[in-house]
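Enquirer: In case you want the letters, here they are:
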Amino acid sequence: MTLSGYEALFFWIFGLAAIFAGLLTVMARNAVHSALFLISSLVSVAALFILARAEFIAGVQILVYVGGVMVLFLFVIMLVNVSAEERGQEEIFNNQRQVTASLIFCLLLVGGVLYSVNQGYQGLKALHPTTPEVAAAQAATREQSLPTSATGSSKITNDSQGLGGVLYRYASLPFEIASVLLLVAIIGSVMLARTLRQEASADDVDPETLQDEIRRDSEFARLEPKSE
Amino acid sequence: MLNFFNPIVTLLLQEGLRARFDLMRYAAANPDLSKFLVIGALLFIIGVAGVLTRRNIIVIFMSIELILNAANLNFIAFSRYLHEMGSVNAAAGQIFTVFVIVVAAAEAAIGLGIVIALYRNKETIWVDEIDLLKW
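Going down the list, the protein sequences come from chains A and B.
Those letters in the first sequence? Residues 1 to 228, by our numbering.
Those letters in the second sequence? Residues 1 to 135, by our numbering.
It should be emphasised that the hints constitute simulated quantities derived from the structure, not laboratory data.
Note that the structure is predicted; figures quoted are calculated from it, not measured.
Keep in mind that a hint or two might mislead.
Chain A residues, not near chain B, derived (Cβ > 10 Å throughout) [as the list claims (entries may be wrong)]:
| no. | residue |
| --- | --- |
| 1 | Glu143 |
| 2 | Gln144 |
| 3 | Leu146 |
| 4 | Thr148 |
| 5 | Ala150 |
| 6 | Ser153 |
| 7 | Ala202 |
| 8 | Asp204 |
| 9 | Asp206 |
| 10 | Pro207 |
| 11 | Gln211 |
| 12 | Arg215 |
One-sided and incomplete, this derived list gives chain A residues near chain B with beta-carbon spacing under 10 Å [what the hints assert, rightly or not]:
| no. | residue |
| --- | --- |
| 13 | Phe37 |
| 14 | Ile92 |
| 15 | Leu103 |
| 16 | Val113 |
The following label-pair restraints were derived from C-beta to C-beta distances [unchecked claim]:
| no. | chain 1 | residue 1 | chain 2 | residue 2 | range |
| --- | --- | --- | --- | --- | --- |
| 17 | B | Trp135 | A | Ala101 | 18 to 26 Å |
| 18 | B | Asp22 | A | Phe75 | 50 to 58 Å |
| 19 | A | Gly111 | B | Ile8 | 32 to 40 Å |
| 20 | B | Asp22 | A | Leu173 | 45 to 53 Å |
| 21 | A | Phe75 | B | Trp135 | 28 to 36 Å |
Where a beta carbon is used, it is the ideal one built from N, C-alpha and C, also for glycine.
Isolated chain A (complex conformation):
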């Protein structure tokens, strides 16, 4: 795979945008700013997915991550908002020694990963020797066979169609398991996020804990189950 022309230009724009937004996610003081930078990083990565001809995944990325997960993050940030952090009184990083150690670790990891990507890619290139020009010519001939869109200026790809076919033909059982996983996660997070009051009214608290709470706050006595 080799991009060229405007694709190369957009690759660098979105790639650098993803990396800078990722850095700012980690370094922003305010958690809301972090979330917004993470959103821009995710959108840039979605653009990279489009450049790699994965339009469906790019759409899923924006719908699920940006539209779902990040909105959830923002809700939770609003719920647990810590104002000392915004006023700049609270240290946002761990203590100096831990930060130094982990940054050294990360630098070693950068070196190792980039070295191994380079070495591995040399081997891969030796395995499939194609120059960018040949690859571009092959891609152009493949594109000629695709149907033309209504405006006549672009081609309609069938990548999403192929992805759907493969998803239901070869991965239908994992697909169903994933839906069960999501259901379990939803039920679990609802269980986790209940208050003691909600748990007491659903008769789901250890009796001793409930007695302790009643001693501290007489309001809870009204919530005690009436079965006995």
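Here the structure of chain A is known, so what remains is to put chain B in place on it, guided by the hints.
Expert: Below, chain B alone, put in the same frame as chain A:
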């Protein structure tokens, strides 16, 4: 556009350096699989640095999302590469990405539920103050 700069660059750079520079410009104008992998690796390491250095548990969760997203980028890049090499199962990378996104969504829901329960009980979101299991 680069043609405009060519004479200046020729003037400035010596022969060996110029050959290296031409090679780099050629590689930059034709980003291939390795460039996708490098961007994925950098995003991954930024995420690791965030998990290791930040104190805010919500930002740590966001860094984990960054790590998962870097893995997704690698899957997609290899899927495209294998597709162009004529592999029959090239869509497997994209399908794996769908499942990674599903698991990330489930993880975010559970993790944020835990954060809310924790904040309700401990009144803090700083990870160094959450040391109930430490002695």
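Enquirer: All hints are to be evaluated individually against the structure, with a verdict given for each.
Expert: A quick look at each hint next to the structure:
no., hint, in the structure
1, Glu143, "holds, 12 Å"
2, Gln144, "holds, 16 Å"
3, Leu146, "holds, 14 Å"
4, Thr148, "holds, 21 Å"
5, Ala150, "holds, 26 Å"
6, Ser153, "holds, 23 Å"
7, Ala202, "holds, 15 Å"
8, Asp204, "holds, 14 Å"
9, Asp206, "holds, 15 Å"
10, Pro207, "holds, 19 Å"
11, Gln211, "holds, 18 Å"
12, Arg215, "holds, 18 Å"
13, Phe37, "holds, 9 Å"
14, Ile92, "holds, 6 Å"
15, Leu103, "holds, 7 Å"
16, Val113, "holds, 4 Å"
17, Trp135(B) with Ala101(A): 18 to 26 Å, "holds, 22 Å"
18, Asp22(B) with Phe75(A): 50 to 58 Å, "holds, 52 Å"
19, Gly111(A) with Ile8(B): 32 to 40 Å, "holds, 33 Å"
20, Asp22(B) with Leu173(A): 45 to 53 Å, "holds, 52 Å"
21, Phe75(A) with Trp135(B): 28 to 36 Å, "holds, 34 Å"
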